[in-house]
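2 protein chains.
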Amino acid sequence: MKTIGISEHNLSILNNVNGSVMHALKKSDFGFSDFGEIYFSNIKYQNIKAWKRHTKMTMNLVVPVGRVRFVFYSEEKNIFEEYIVGEKNYNRLTVNPLLWFGFQGMDEGKNLVVNIANIEHDPSEVERKDLMDLKYHW
Amino acid sequence: MKTIGISEHNLSILNNVNGSVMHALKKSDFGFSDFGEIYFSNIKYQNIKAWKRHTKMTMNLVVPVGRVRFVFYSEEKNIFEEYIVGEKNYNRLTVNPLLWFGFQGMDEGKNLVVNIANIEHDPSEVERKDLMDLKYHW
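Sequences listed follow chains A and B, in order. Using our numbering, the letters of the first sequence map in sequence onto residues 1421 to 1558. Using our numbering, the letters of the second sequence map in sequence onto residues 1421 to 1558.
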C-alpha cells in the first residue's frame, strides 16, 4: 500500500553488444511536471544520507548504476515507506514534496542516484534532520 | 578552435564523505533550450558506438561514471572534433543538431553517458552510418 505520495514506474533497458541504453524520463511520461535541474548523487556501500525534505521540489529518482535503498517518511501520516531500485529493479520513483527521505548504497561498487527535479536547487526549500532524529531500522 | 557547433561547460562536484554530488544541468544554464527526454548509454571499454546524427535534437552530454571519448564530424565543414570527458574532466558538452557523432569507452570499469535531450526520441530525426563510413583514427 503506497499511500504517502510516491509512485513507482518501470523503465526499459535496451541491450546492445557495446553497452545498454537505459530509459529515464520523457516529458510525456506520467510523473513529469517540469524541468528545473538534473544532478547526480553518489552513495557509498552501506553509507546513508538522511534526512532531508523539499517543501517545493518534486523529485524523479533513477538509479542506473548499482542499487540504492530509499526510505521516505510522511510526518502527516506517521508512515515510512521503503523502495530498493537499481540496475536489477530498474524503476523510477516520483516523489512529492514534503516527504522526508534518506538513502543507502546497497552495492559494493558504485551507486549512482540521478534526480530529475522540477525546480532548480534552492536552499530555502530544503529542510534537514539528523539520521537519529527519525528512528528507522536501516 | 571549436567551430562546428559544440560547446563545453565545466561542472562542479561537491565532495561528501558518503559520496559526492555532481551537477549536470539547470534550466538557467547556457546550453539549455528545452527538456524532451533524458536517457543513459553505457559504453564498454574500448568499444565504439558510431555513427549517428540527429537532424532536430540538441544533446547535452555528461559522463558521471568513467571516461568517454566523443568524436563529432561536420559534413558541411569536413572537420572532426574530439573531446574526452568523465569523472576526471567533468564537463558537459552541448551539441547542436546535424553533427555526426560516435563515442568510445575509455575506462576499464563502467562508462555511463547521460544525454539530456531537448526533444523526445523520434526515429524519424535519426540518421546512421557504419563505423567505417567515416574514417577516423580512434
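Hints listed in this document are in silico derivations from the structure and should not be mistaken for laboratory results. Where hints are given, some of them may not hold.
Identical copies go unnamed one by one, so any copy, or any two together, can satisfy a pair.
To be verified - Heads up, simulated DSS-like pairs for lysine-lysine below, C-alpha to C-alpha not over 27 Å straight-line:
(1) 1476 to 1447
(2) 1476 to 1446
(3) 1464 to 1549
(4) 1446 to 1497
(5) 1476 to 1555
(6) 1508 to 1476
All of these numbers come straight from a predicted model, not from anything done at the bench.
Verification of the supplied hints:
no.	hint	in the structure
1	1476 to 1447	both (19 Å within a copy, 16 Å between copies)
2	1476 to 1446	both (21 Å within a copy, 16 Å between copies)
3	1464 to 1549	within (20 Å within a copy, 40 Å between copies)
4	1446 to 1497	neither (31 Å within a copy, 33 Å between copies)
5	1476 to 1555	within (24 Å within a copy, 50 Å between copies)
6	1508 to 1476	neither (30 Å within a copy, 33 Å between copies)
Hint compliance for this structure: hints 4, 6 are broken, all remaining hints hold.
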